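Top to bottom, those sequences are chains G and B. According to the numbering used here, the residues represented by the first sequence are 15 to 338, in order. According to the numbering used here, the residues represented by the second sequence are 14 to 646, in order.
Keep in mind the hints are simulated off the structure, nothing from the lab. Predicted, not measured: the structure shown is a model, and the values here were computed from it. Positions of the beta carbon are idealized from the N, C-alpha and C atoms, including for glycine. Possibly wrong hints are sitting among the right ones.
Every beta carbon over 12 Å from chain G, so not counted as near; a handful from chain B, in silico [said to hold, decoys possible]:
#	residue
1	ALA148
2	LEU189
3	VAL195
4	ARG199
5	MET201
6	ARG207
7	GLN452
8	PRO459
9	THR497
10	ALA531
11	TYR565
12	PRO574
13	ALA616
14	PRO624
Selected chain B positions facing chain G (Cβ under 7 Å, derived; list incomplete) [said to hold, decoys possible]:
#	residue
15	ASP247
16	GLN248
17	GLU357
18	VAL532
19	GLY535
20	ILE587
21	PRO592
22	THR595
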Amino acid sequence: MAGSGGVALRDDAVLVVRDLVVELRGPGGAVVHAVSGLSFDLRQGETLGLVGESGCGKTTTARALMQLVPVTSGVVELHGEELTRARGEQLRLLRRSMQMIFQDPVSSLNPSRRTRDILREGLDIWGEGVGSFGEARIGEITEAVGLSPEVGGRRPHELSGGQCQRICIARALVMDPEVLILDEPVSALDVSVQAQILNLLADVKDRFGLTMVFISHDLAVVKNVSDRVLVMYLGKACELAGPDDLYREPRHPYTRALLASIPGHRLDLPPAAELISGELPSPLDPPSGCRFRTRCPRASEICADEEPRLRAVAEGHYVACHHA
Amino acid sequence: MASVSRWRAVTPAGRALRLGTAFWLSVAWIALLVFLGVFEDVLPIRDADARGIRTGEVERFEGPGWNAWFGGGPQGEDQLARVVAGIRPALTLGLVVTALAALVGGALGVTAGYARGRIDAVTTAAIDIALAFPALVLLIAVRSTFGNSLLVFIAIFTITSIPPYARIVRGATLALAEREFVDAARSMGASTRRILLKELAPNLVLPVLSFAAIGFAVVILTEGALAFLGLSIDQVTWGALIAEGTGEIRNHPHVALVPATVMFMTILAFNLVGDGLRELTAPRTVATVRRLEVEGDRVAPVGEPVLHVHDLRTTLHTPAGPVHAVDGVGFDLSAGEALGIVGESGSGKTMVLRSIVGAFPLAGVTRAGTVDVCGVDMLRAPRAVVQHTLGTCVGMVSQNPLTALNPTRRIEAQIVEPMVVHGGLDRKAARSRALELMQHVGIPAPERRLREYPHQLSGGMRQRVTIAIALANRPQVLLADEPTTALDVTVQNQILELLGRLRREERMAMVLVTHDLAVVHGFTDRVAIMYAGQIVEQGPTEEIFSNPRHQYTIALMGSIPDLDLPSHSRLKTIVGSPPSLTDLPPGCRFAERCRFADERCRAEAPPATGPARHGYRCWHPGVEPPVEVGRGR
Numbered sequence: 015m016a017g018s019g020g021v022a023l024r025d026d027a028v029l030v031v032r033d034l035v036v037e038l039r040g041p042g043g044a045v046v047h048a049v050s051g052l053s054f055d056l057r058q059g060e061t062l063g064l065v066g067e068s069g070c071g072k073t074t075t076a077r078a079l080m081q082l083v084p085v086t087s088g089v090v091e092l093h094g095e096e097l098t099r100a101r102g103e104q105l106r107l108l109r110r111s112m113q114m115i116f117q118d119p120v121s122s123l124n125p126s127r128r129t130r131d132i133l134r135e136g137l138d139i140w141g142e143g144v145g146s147f148g149e150a151r152i153g154e155i156t157e158a159v160g161l162s163p164e165v166g167g168r169r170p171h172e173l174s175g176g177q178c179q180r181i182c183i184a185r186a187l188v189m190d191p192e193v194l195i196l197d198e199p200v201s202a203l204d205v206s207v208q209a210q211i212l213n214l215l216a217d218v219k220d221r222f223g224l225t226m227v228f229i230s231h232d233l234a235v236v237k238n239v240s241d242r243v244l245v246m247y248l249g250k251a252c253e254l255a256g257p258d259d260l261y262r263e264p265r266h267p268y269t270r271a272l273l274a275s276i277p278g279h280r281l282d283l284p285p286a287a288e289l290i291s292g293e294l295p296s297p298l299d300p301p302s303g304c305r306f307r308t309r310c311p312r313a314s315e316i317c318a319d320e321e322p323r324l325r326a327v328a329e330g331h332y333v334a335c336h337h338a
Numbered sequence: 014m015a016s017v018s019r020w021r022a023v024t025p026a027g028r029a030l031r032l033g034t035a036f037w038l039s040v041a042w043i044a045l046l047v048f049l050g051v052f053e054d055v056l057p058i059r060d061a062d063a064r065g066i067r068t069g070e071v072e073r074f075e076g077p078g079w080n081a082w083f084g085g086g087p088q089g090e091d092q093l094a095r096v097v098a099g100i101r102p103a104l105t106l107g108l109v110v111t112a113l114a115a116l117v118g119g120a121l122g123v124t125a126g127y128a129r130g131r132i133d134a135v136t137t138a139a140i141d142i143a144l145a146f147p148a149l150v151l152l153i154a155v156r157s158t159f160g161n162s163l164l165v166f167i168a169i170f171t172i173t174s175i176p177p178y179a180r181i182v183r184g185a186t187l188a189l190a191e192r193e194f195v196d197a198a199r200s201m202g203a204s205t206r207r208i209l210l211k212e213l214a215p216n217l218v219l220p221v222l223s224f225a226a227i228g229f230a231v232v233i234l235t236e237g238a239l240a241f242l243g244l245s246i247d248q249v250t251w252g253a254l255i256a257e258g259t260g261e262i263r264n265h266p267h268v269a270l271v272p273a274t275v276m277f278m279t280i281l282a283f284n285l286v287g288d289g290l291r292e293l294t295a296p297r298t299v300a301t302v303r304r305l306e307v308e309g310d311r312v313a314p315v316g317e318p319v320l321h322v323h324d325l326r327t328t329l330h331t332p333a334g335p336v337h338a339v340d341g342v343g344f345d346l347s348a349g350e351a352l353g354i355v356g357e358s359g360s361g362k363t364m365v366l367r368s369i370v371g372a373f374p375l376a377g378v379t380r381a382g383t384v385d386v387c388g389v390d391m392l393r394a395p396r397a398v399v400q401h402t403l404g405t406c407v408g409m410v411s412q413n414p415l416t417a418l419n420p421t422r423r424i425e426a427q428i429v430e431p432m433v434v435h436g437g438l439d440r441k442a443a444r445s446r447a448l449e450l451m452q453h454v455g456i457p458a459p460e461r462r463l464r465e466y467p468h469q470l471s472g473g474m475r476q477r478v479t480i481a482i483a484l485a486n487r488p489q490v491l492l493a494d495e496p497t498t499a500l501d502v503t504v505q506n507q508i509l510e511l512l513g514r515l516r517r518e519e520r521m522a523m524v525l526v527t528h529d530l531a532v533v534h535g536f537t538d539r540v541a542i543m544y545a546g547q548i549v550e551q552g553p554t555e556e557i558f559s560n561p562r563h564q565y566t567i568a569l570m571g572s573i574p575d576l577d578l579p580s581h582s583r584l585k586t587i588v589g590s591p592p593s594l595t596d597l598p599p600g601c602r603f604a605e606r607c608r609f610a611d612e613r614c615r616a617e618a619p620p621a622t623g624p625a626r627h628g629y630r631c632w633h634p635g636v637e638p639p640v641e642v643g644r645g646r
């Protein structure tokens with residue numbers, strides 16, 4: 015797998031990521047190839063699910079979108095404005111339209127501040143009257159995320175994980191963002207709370223017209239929330255498709271292995287053990303050609319020599335594999 | 014231990030009240046010193062400089078008594094007056110030095126820790142050099158040039174105190190800057206200045222205060238030591254009084270002992286305050302009772318299960334009150350049988366396993382009921398017997414294989430040890446069995462892996478190693494606590510398959526504790542659903558999935574995203590959150606969140622009902638069409 019190419023990019027996208035490369039400095043100056051030539055885009059109001067296992071680069075991608083890690087090369091554009099080149103005040107302004115929700119809701123909130131002050135943070139930073147800020151908006155959003163007024167006086171450690179994640183979502187919404195980037199937003203939560211937060215995200219997405227990048231390792235969660243799903247492996251894109259297509263007809267060998275590994279699934283797939291073998295290679299020294307070839311039962315010579323490019327296999331369904 | 018964090022949610026004010034008597038006595042002592050220091054001039058105390066040999070009020074070396082409480086000095090001075098006169102220089106020196114050093118050092122530390130890179134490297138190097146500089150030499154040199162006024166001492170003490178503060182604040186900042194709330198603030202467009210002042214600084218106040226209290230004590234102690242060397246300030250200080258009194262220590266011990274005691278108590282007080290403040294920054298869950306207790310009598314099993322748990326009740330004694338973590342749990346497992354215990358955080362599922370093996374995150378625990386493992390009463394048998402049973406009959410697999418393994422020891426040593434200690438094998442036999450075990454759990458190149466350290470293995474391989482260790486003594490019971498939660502989905506599948514194969518081959522009884530219903534599906538014979546410390550439903554796995562009866566089970570299954578449903582399907586949710594384990598409702602524990610709950614549910618606890626093979630505690634058991642589950646994660 016694991017290919018590059020911008021074939022799936024569309025003309026009317028709000029957020030465009032083109033050939034994104036993020037190389038991080040590892041121990042002893044080694045280069046970690048975290049993201050290697052990733053391209054995708056989002057239309058207004060669309061939710062893109064990013065799935066993959068640890069080390070696939072999904073969190074680095076999110077942080078690169080927010081310019082929280084230095085981008086080695088490639089472009090991130092919001093409405094045609096390049097975030098990757100923006101600096102200082104310009105970046106500060108652009109960032110406002112993109113907000114991020116993190117995995118650990120408790121760690122995402124300043125432990126020494128009360129909920130009330132956390133929710134006001136955007137207002138404090140940008141000042142009253144900027145955009146659609148205002149006390150009224152805070153009230154509206156607090157209600158929209160299902161927070162009762164009495165949590166205002168409490169500090170994060172006095173609240174449950176679910177309540178903290180609601181606060182994180184509210185804090186981001188106060189900024190009136192266009193794009194919300196969610197990095198494993200429900201992974202730290204209990205199942206019953208997870209359902210509350212997923213439903214809440216669906217509600218606020220409709221109500222505030224949000225475009226979302228939703229990152230998760232949980233394939234069932236991703237299917238539930240996404241309009242398109244991008245499967246990643248070792249810093250590269252494997253497969254991009256609508257959720258119903260992808261789960262019904264997974265084409266990429268890695269997608270198939272991933273789906274077959276879900277406990278108790280009823281998809282028409284062979285046992286996972288026949289679809290994937292071995293261990294994840296080191297991102298310090300990724301395999302040549304297709305990065306999945308070392309674990310792929312269908313790998314052949316071409317997979318080592320030539321990197322597969324993302325290509326269309328059906329309407330809106332793209333795969334980066336020589337054999338799919 | 015999610016259940017531990019659940020009762021850590023106490024307000025800082027609440028925690029402050031529990032800082033303990035020693036802390037508050039220390040605060041009172043410091044307050045007394047401050048009072049005496051401030052009102053020294055108006056209080057009915059003699060003049061510190063007045064000499065008894067002139068005034069006749071106090072005799073030379075007079076013993077402590079009604080006339081002079083702390084006795085008289087070498088010239089008939091009132092020792093009480095002199096000790097009180099020593100308060101001002103001590104507190105002034107301590108306070109000014111500590112405040113200045115904390116501010117300057119704190120600013121340096123925050124800047125270095127947040128900026129990282131070159132600024133950090135330069136600051137850290139400067140701190141290291143400063144710490145290596147001999148402060149005493151500086152002091153003697155400066156003192157000989159600028160004299161021995163309080164001001165000179167403050168300057169020197171401050172300069173030499175800055176580096177430790179900078180270092181401690183830098184460390185704390187590095188840790189804080191990793192936290193996601195800093196990234197969140199940056200994403201919202203907060204300036205660096207704002208992040209430093211509003212996000213980071215408030216979280217540094219407590220650690221710096223705690224360090225400063227101890228720093229305060231060090232300043233007072235150092236002054237005393239310098240006074241002893243005759244290097245102190247040109248004022249009456251405690252150190253000077255002690256130095257003066259030591260010459261007469263044989264004949265008139267009170268002259269040195271009184272200022273020494275006051276200084277000792279002051280230093281102790283500041284240290285205790287510092288410790289107390291540190292406790293506030295990193296609250297530990299302290300047990301109010303420091304022992305493991307067992308109550309009630311053993312109830313013998315019917316038949317010969319390898320694991321027999323009957324009416325198990327585990328209570329943790331915490332400052333927030335007794336936590337009923339496990340409340341009347343029971344199940345029997347025969348050889349080769351697997352039970353899945355499923356519940357959300359705080360349900361008590363992990364505490365059931367801990368209660369079986371008797372390992373708890375805090376010291377004060379009471380267990381009641383029966384736990385028999387391989388026929389041994391684990392609650393009441395002598396300690397050695399319990400240890401032996403754990404070593405030979407029980408294997409444990411935990412959630413995080415990295416913390417379960419010792420990072421400094423080779424894999425081989427860690428597998429061999431239990432076989433030598435409990436299994437009675439010699440080293441050679443244990444080594445060959447270790448190799449066999451590594452192959453058995455599917456580790457490629459086992460000879461090489463045995464020589465490696467845990468960090469050289471991937472997460473999945475590490476979990477295979479912990480399973481190999483658990484299997485070392487051919488246990489009859491395998492206890493697995495969230496064994497796949499930390500693993501990726503493709504690895505999770507491999508580990509579950511491995512556990513299933515081993516259970517069949519070795520005929521082990523297995524308890525699989527998990528938050529993930531899908532994990533038990535297909536891997537266990539029976540499932541117990543836990544909620545708020547109780548098993549609310551227990552039965553054969555297939556039946557629980559096809560015909561769940563308890564409303565919590567039904568609701569839980571409904572809230573899992575289903576792979577078979579189209580995308581954007583609305584999820585069923587459970588409103589609210591579980592009850593506090595310190596304050597349980599009288600009726601059904603799920604009543605508050607249940608849409609079928611009525612008066613009886615809220616008033617009366619539902620007893621275990623239903624057929625023996627499939628029991629539940631619910632007044633309104635579900636008869637809804639079966640819910641499809643098991644497509645999640």
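Okay, the hints, checked on the actual structure:
For B/ALA148, the non-interface assignment is confirmed: its Cβ lies about 34 Å from the closest Cβ of chain G, beyond the 12 Å cut-off. Its beta-carbon lying about 9 Å from the closest one in chain G, B/LEU189 breaks the requirement of being farther than 12 Å from that chain. The Cβ of B/VAL195 does not lie farther than 12 Å from every Cβ of chain G; its closest approach is about 9 Å, which violates its non-interface assignment. With 12 Å as the threshold on Cβ separation, the claim that B/ARG199 sits away from chain G is violated: the shortest Cβ distance comes to roughly 7 Å.
With a least beta-carbon separation of about 6 Å from chain G, B/MET201 fails to lie farther than 12 Å from that chain, contradicting its non-interface assignment. Not every CB of chain G lies more than 12 Å from the CB of B/ARG207, the least distance being 7 Å, so the non-interface label is violated. The claim that B/GLN452 lies off the interface holds: its Cβ sits roughly 17 Å from the closest Cβ of chain G, which is beyond the 12 Å cut-off. Residue-level check passed: B/PRO459 sits 15 Å from the nearest beta carbon of chain G, beyond 12 Å.
With a minimum CB-CB distance of about 9 Å to chain G, B/THR497 fails to clear the 12 Å threshold, and the non-interface call is violated. Against the 12 Å criterion, B/ALA531 falls within the reach of chain G, whose nearest CB is about 4 Å from its own CB. Not every Cβ of chain G is farther than 12 Å from the Cβ of B/TYR565; the closest lies at roughly 9 Å, contradicting the non-interface assignment. Its closest Cβ contact with chain G, about 4 Å, brings B/PRO574 to no more than 12 Å, contrary to its assignment away from the interface.
No Cβ of chain G approaches the Cβ of B/ALA616 within 12 Å, the least distance being about 24 Å, so the stated non-interface status holds. With a least beta-carbon separation of about 25 Å from chain G, B/PRO624 lies farther than 12 Å from that chain, consistent with its non-interface assignment. A least Cβ separation of about 43 Å between B/ASP247 and chain G goes past the 7 Å threshold, and the interface hint is therefore violated. Look at B/GLN248: its Cβ only gets to about 40 Å from chain G, farther than 7 Å, so that hint breaks.
Interface hint status for B/GLU357: upheld, as the beta-carbon distance to the closest one in chain G is roughly 4 Å, under 7 Å. Hint on B/VAL532 holds. Least Cβ distance to chain G is approximately 5 Å, under the 7 Å limit. Given the 7 Å rule on beta carbons, the hint for B/GLY535 holds: about 6 Å separates it from the nearest Cβ of chain G. Because the beta carbon of B/ILE587 sits about 4 Å from the nearest beta carbon in chain G, less than 7 Å, this interface hint is met.
A cut of 7 Å between beta carbons decides the hint on B/PRO592: the least distance to chain G is about 12 Å, and the hint is violated. Using the Cβ-Cβ criterion of 7 Å, the hint placing B/THR595 at the interface with chain G is not satisfied: the shortest such distance is roughly 15 Å.
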